[in-house]
Amino acid sequence: MSEFASSVVKTYNETASSSLTLSDLSATTKAIVRAGQGTDAAAGLGAPFGTSRVVDGTLVVGVRPTEWVVLGPAEAVWAFTDAIDNTGHVSKIDFTHSRALFRLTGEDAPKVMEKICSIDWADAMMPDSAVVSASVAKVSCDIIRNDVDGTRSYFIMSDRSSAQYLFDAILDAGEEFKLGVTRA
Amino acid sequence: MMLVPCPNCGPRNASDLRYVGESHSRPNPNEVTPQEWRTYLYMQDNPAGLLKETWYCRSGCRQYFTALRNTSTNEFTNHPLPGNKTGAVDPSFHYVSESKSDTNDGASS
Ligand SMILES: [Zn+2]
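As you go down the protein sequences, you meet chains H and U in turn. Residue 173 in this note's numbering sits at position 173 of the first sequence, with consecutive numbering throughout. Residue 81 in this note's numbering sits at position 81 of the second sequence, with consecutive numbering throughout.
Treat the hints with care, as some may be off.
[Unchecked claim] Beta-carbon label-pair distances, calculated as ranges:
id	chain 1	residue 1	chain 2	residue 2	range
1	U	Gly10	H	Asp128	13 to 21 Å
2	U	Ala48	H	Asp123	38 to 46 Å
3	U	Glu36	H	Met125	39 to 47 Å
4	U	Gly10	H	Ala43	18 to 26 Å
5	H	Ser19	U	Tyr19	36 to 44 Å
The set of hints was computed from the structure by calculation and includes no laboratory data. Remember, it's a predicted structure, so these values are computed and weren't measured experimentally. In this text, a Cβ means the ideal position worked out from N, Cα and C, and glycines have one as well.
Can you make the complete structure from the sequences, with help from the hints?
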């Protein structure tokens with residue numbers, strides 16, 4: 001399967017010097033895995049609801065009690081999902097093209113999120129690798145904390161049809177913190 | 001803001017959930033009279049006090065769950081595991097916000 005390289009948002013001027021950045025990573029391969037409770041697949045995925053973990057170059061995200069998202073380079077995602085046991089109520093779907101994926105990075109990232117989402121972003125509630133689903137600027141999103149070299153960073157995943165609006169809403173919320181756009 | 005305690009996600013803003021309605025057991029449609037079926041569909045108890053109701057966590061875990069809410073104070077006193085829409089309330093789960101614990105009548109168990 002080849003990479004889908006198109007961006008879901010229009011072109012923005014890159015901001016080279018900002019310490020708070022937003023980037024569009026929607027081209028990232030995304031697989032959805034559903035596995036019923038008690039299946040070998042559910043046990044093997046190993047990231048319970050609300051958590052994520054890095055496995056074999058992919059990020060495995062527990063987005064629902066019986067549903068996972070696998071993110072990463074195409075080859076790694078398909079190698080990982082192909083190896084998942086199919087016994088029982090298990091399904092795997094490529095939904096790369098149906099979801100948008102953004103990354104918000106910087107120490108002020110929680111302050112931006114506080115303005116548009118009612119989740120508590122404190123370390124105690126949302127430590128690194130934690131996952132939460134909530135509405136962000138009224139768009140249902142899955143949010144994964146995935147710090148980069150010790151700096152706060154969130155993946156924000158939404159339906160692709162809301163992507164442009166959501167990107168602009170995050171930029172608007174981040175304006176007072178000098179949020180800039182960078183290339184993925 | 002009203003906090004609704006989802007058993008999977010924890011306390012969430014009510015706008016992240018959908019209120020489904022009072023939780024009643026569904027009668028067998030092949031055995032009830034039209035009047036009983038209509039009562040199940042449309043009639044509400046609407047008490048000023050504890051009410052067992054169904055919520056859908058639409059922005060979070062996408063699960064249905066039953067919660068016990070005091071309609072006068074919006075206090076949630078406890079709720080069972082998701083999927084158990086009409087069953088007995090799980091007494092092992094007890095959710096009380098600290099600020100209002102004195103208004104909880106604890107009539108759930
Ligand atoms: Zn929930």
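Violated hints - listed by number, lowest first: No numbers; nothing is violated.
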